[in-house]
Amino acid sequence: MDVGIKIIDSRGAACPGPITDLARAYRNSKVGDIFEMWATDKGVKADTQAWATKTGNEILETREDPDKIVIRIKINKR
Amino acid sequence: MKKVLIIGGGGGGLILANHLDTNEFDVTIVDKSDLHFYQPWFLYIAFKGSKRKISRPIGELVRPGVNFVKDEITEINLDERKAYGSRKVVYNYDYIAIATGTSPDPDSIPGLRQIYDEYGDYHSNVYNSQKLWSHVKNFKGGTIAIGQASPTCKCPPSLLEGAFLLEERLRGMGMSVGTSDPLSPSNENDPTKTGEKGKSRIVFFTPFPRAYSAEPMNKVVEPMVKERGIEVMPFFDVDTIDVQNKTINSLEGDSLKYDLPIIVPPCKGPKIKFTPETVQDEERFIKADKNFMKIPGYDDAFAIGDCNTLPTSKTGVTAHLEAMTVSELIQGKYSEFNGRINCPFDTAYGKATFVIADYNNPVVPYPPTATKHFMKMSMARIYWMTLMGTADPIFERFFNITKPEKLNRKYSVPE
Ligand SMILES: Cc1cc2nc3c(=O)[nH]c(=O)nc-3n(C[C@H](O)[C@H](O)[C@H](O)COP(=O)(O)OP(=O)(O)OC[C@H]3O[C@@H](n4cnc5c(N)ncnc54)[C@H](O)[C@@H]3O)c2cc1C
Numbered sequence: 051m052d053v054g055i056k057i058i059d060s061r062g063a064a065c066p067g068p069i070t071d072l073a074r075a076y077r078n079s080k081v082g083d084i085f086e087m088w089a090t091d092k093g094v095k096a097d098t099q100a101w102a103t104k105t106g107n108e109i110l111e112t113r114e115d116p117d118k119i120v121i122r123i124k125i126n127k128r
Numbered sequence: 006m007k008k009v010l011i012i013g014g015g016g017g018g019l020i021l022a023n024h025l026d027t028n029e030f031d032v033t034i035v036d037k038s039d040l041h042f043y044q045p046w047f048l049y050i051a052f053k054g055s056k057r058k059i060s061r062p063i064g065e066l067v068r069p070g071v072n073f074v075k076d077e078i079t080e081i082n083l084d085e086r087k088a089y090g091s092r093k094v095v096y097n098y099d100y101i102a103i104a105t106g107t108s109p110d111p112d113s114i115p116g117l118r119q120i121y122d123e124y125g126d127y128h129s130n131v132y133n134s135q136k137l138w139s140h141v142k143n144f145k146g147g148t149i150a151i152g153q154a155s156p157t158c159k160c161p162p163s164l165l166e167g168a169f170l171l172e173e174r175l176r177g178m179g180m181s182v183g184t185s186d187p188l189s190p191s192n193e194n195d196p197t198k199t200g201e202k203g204k205s206r207i208v209f210f211t212p213f214p215r216a217y218s219a220e221p222m223n224k225v226v227e228p229m230v231k232e233r234g235i236e237v238m239p240f241f242d243v244d245t246i247d248v249q250n251k252t253i254n255s256l257e258g259d260s261l262k263y264d265l266p267i268i269v270p271p272c273k274g275p276k277i278k279f280t281p282e283t284v285q286d287e288e289r290f291i292k293a294d295k296n297f298m299k300i301p302g303y304d305d306a307f308a309i310g311d312c313n314t315l316p317t318s319k320t321g322v323t324a325h326l327e328a329m330t331v332s333e334l335i336q337g338k339y340s341e342f343n344g345r346i347n348c349p350f351d352t353a354y355g356k357a358t359f360v361i362a363d364y365n366n367p368v369v370p371y372p373p374t375a376t377k378h379f380m381k382m383s384m385a386r387i388y389w390m391t392l393m394g395t396a397d398p399i400f401e402r403f404f405n406i407t408k409p410e411k412l413n414r415k416y417s418v419p420e
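Top to bottom, those sequences are chains P and L.
Under the numbering used here, the first residue of the first sequence is numbered 51, with each subsequent residue one higher.
Under the numbering used here, the first residue of the second sequence is numbered 6, with each subsequent residue one higher.
Because the hints were derived from the structure by calculation, they are not lab data.
Please note that a few of the clues may not be correct.
What the hints assert, rightly or not - Now the stretches of chain L that chain P is said to cover, found in silico as 3 or more residues with beta-carbon under 8 angstroms: (1) 11-24; (2) 102-112; (3) 215-224; (4) 350-364; (5) 370-384.
The structure displayed is predicted, hence computed values, not measured ones.
We put the CB at the ideal spot given by N, CA and C, even for glycine.
Chain L with its partners taken away, still in its complex shape (with noise of 0.2 angstroms):
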């Protein structure tokens, strides 16, 4: 029996195992952690404090057939088809597919790494998440600075969507937001920026060049980023962070004040050592070909979902149908992926969209409704579901009519 090794017991790696014929292959996940962990909502304990369980043993999350071994790999050798974990255990393969999701870095960017253990953010883990909702619900006014320190994270509607999320809530605790100038945050004369009770702005830093990196959904999201008093600061990555003076400086230029900072910091690919090294980028995410999630140069060893370079989102469902194409590639099928993305966008106040593209198609300005949000609630409950394979007929029949081409044929505006 051919022997198909899985690094990472997330959406990836448990979707490509449950996809495998257990009477054809010998598949094993080896994953650090015992749980497996649904992200999406670190959104909902940070900033509405929710108290929902959201993880569950991946040994529970496998099909029968499929072995679990929890154990970190620190080393990988594709020429000689091997991984060694942490007590030296070596693990032998006839295909590897590491899909070891993102590690956050908050050292390598000054003063962020304070900004992390105090603050938490939304973004890391459960308890990240939590630290950051004792900050939120207990803040009395004054300037929150949030968004990502750099442009490589998960799911990019993630980030507005906390910005969205903070105003419902800072309006629920009975505050105003906004009103005053976002180019110059340290305008001495605003009586919010004392921390005034009662009074905030939040200001919304980007490294991109407006409030939602893709344009179309810019589009869709601005008004009501304007309308809800949140400000921008477009094209601001962070270089260093002053906690002494509370202020936040990026690469082009500009700086930032802040009470409270919500920031997401910097994600890296897996601290794996491999041969060849030259499969890592600078970032340690790891090359692998668009379509096929192959490592240039091997036939037996793919990268998918966020540990990797695909031009893609890096979101649960570009995961999860990178793990689909990888696991017929290895059933010796053909199969192509072909960058769709289909992020969920919660706008707040019970209204959400989602980002849809792929490759050839450009995002849709898809625009959020009552029933979209109640769809990405749903998504919370079927998720576990996904994983085993046992909604795979609902996803299949949603991809099919969420096409990008069709829905852009239908809400896109020729320019």
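Bound-form chain P, shown alone (with noise of 0.2 angstroms):
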């Protein structure tokens, strides 16, 4: 596993769901900090989107695996 990066493991949440992991995340978080979201959500990639859009924070990578989605986000702004 790559040094720095804090995986948040929301898989199986599906009420209140992913965005509960990552904005808590985001409360403890700092500029330049990279997270790796696994979730199996499946809105979970276009409510992602909708968060980084409104914090000001860059989706670096989306996936998809065959047990889980990954979205990689990186922190600017905090």
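Assemble the dimeric complex from its two separately framed chains, guided by the hints.
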């Protein structure tokens, strides 16, 4: 695992959903942090995109593994 | 006899205790309070002024053979199998289940403590709910900002339930609700802003992308939110509150002016010192695996209900189902929790729905009906039976006919 990347494991979360964990991590973050979010909830891609646009942070990568959706986010604004 | 020690006599702790065979196990519940509260009713105290008695002594809610001790646990050493009470009392165990729920943390956000003390809220306790009611019933007009301060909260539907019940209340008091642009709450030309008599705005702020976090249920309730004039500020995670200028500022960079603030404080896990301390996350919630509620690295320690880190909602129903699984596991049977949630959701005006899902099935877009409202209200009456285990057959049947995969086949509209 890359050093300095914070894994946010939200697999299985349907309600209130993965944004809970992302927002929690954001509160304790600093500029330059990288989050890697793991989720199974289909809505996670659109929600994370909307969140990144709203907060001014950057999505580095979105990929679909067989067992999960993986989204990497870079914190540019805090 | 093996000793089972249960910390917390809330829904999770009581259901576990009452499902263990006391001929085989020496079962003890330790709770810092004598009383157990039916928390869902906080809503009806805060927004309808209900005077219903919602507590009962824990000692009367345990089956014969289960011991109850009033004490606050301050320290748990999982390696030595010992828990420490307030007067240096030591509790030894063979199995431990931690079911301490959450505790409100109004001090983690600047300005929130003052709001919490002055206005109360509808999540923390009876006293705070009564305090909030005294402000709601005397509200004369202006903007009410209502929502959760941070994403970690009990019972996800309860937040919006608060806004719905508030809207019903204000209209019942003859007030108008809504009209102006939610994105410019500080608009100086807005007549409602200055608290003009009889005119009100309800601004529901939420850290989530939409009024209700889970999209399928949002589709059901969002039209109702709009129709009733409730304004929504999404992605609004409270950062600071400027009490002097009556403004709430979000981490995401927005601000919201209020005349009456209704803010549910962030909630945290128990204030207990653990050995090893790595079992708690940064908000003190206790790490547990999502199917067996076992604390990682320990076969004899479980965390159930609101105090754990499971990726599911913090609700009484999950606490209930997790407790049932843990009781089977302790008694040597196989059982697994599948993440089932079943949160009643009062949409006001005599209707309600349920938020139903599990780890493998998304939330059902289940429409509100009067029958479901009747069911939610009946729950308040049979609640005490569910704690004792005497309502198990009714529950089993209900959970069976409302499996999310079945309901989704009926209600979900394919993309
Ligand atoms: C407004 C509102 C509406 C809700 N509506 C619903 C609903 O409709 N349906 C639903 O299923 N759920 C609902 N819930 C959620 C539900 O009330 C909780 O999820 C449920 O009570 C959790 O049970 P628990 O056993 O985990 O914790 P709790 O019931 O909170 O019990 C924890 C117990 O641990 C004790 N304790 C804490 N720390 C210590 C310590 N250090 N030592 C000893 N004892 C300790 C406490 O005194 C308490 O008795 C609602 C909650 C709120 C606030």
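Hints versus structure:
1. For the segment 11-24 of chain L, the stated coverage by chain P is not satisfied: 0 residues place a CB nearer than 8 angstroms to a CB of that chain, which falls below the threshold of 3.
2. Counting residues of the segment 102-112 of chain L whose C-beta sits closer than 8 angstroms to any C-beta of chain P gives 0, which falls short of three, so the coverage hint is violated.
3. A count of 4 residues in the segment 215-224 of chain L with a Cβ less than 8 angstroms from any Cβ of chain P is obtained; the coverage claim is therefore met, three being the minimum.
4. Here the segment 350-364 of chain L counts 4 residues with a CB under 8 angstroms from a CB of chain P, which clears the bar of 3, and the coverage holds.
5. For the segment 370-384 of chain L, the stated coverage by chain P is not satisfied: 0 residues place a CB nearer than 8 angstroms to a CB of that chain, which falls below the threshold of 3.
The structure fails hints 1, 2 and 5 (numbered hints given earlier, in ascending order).
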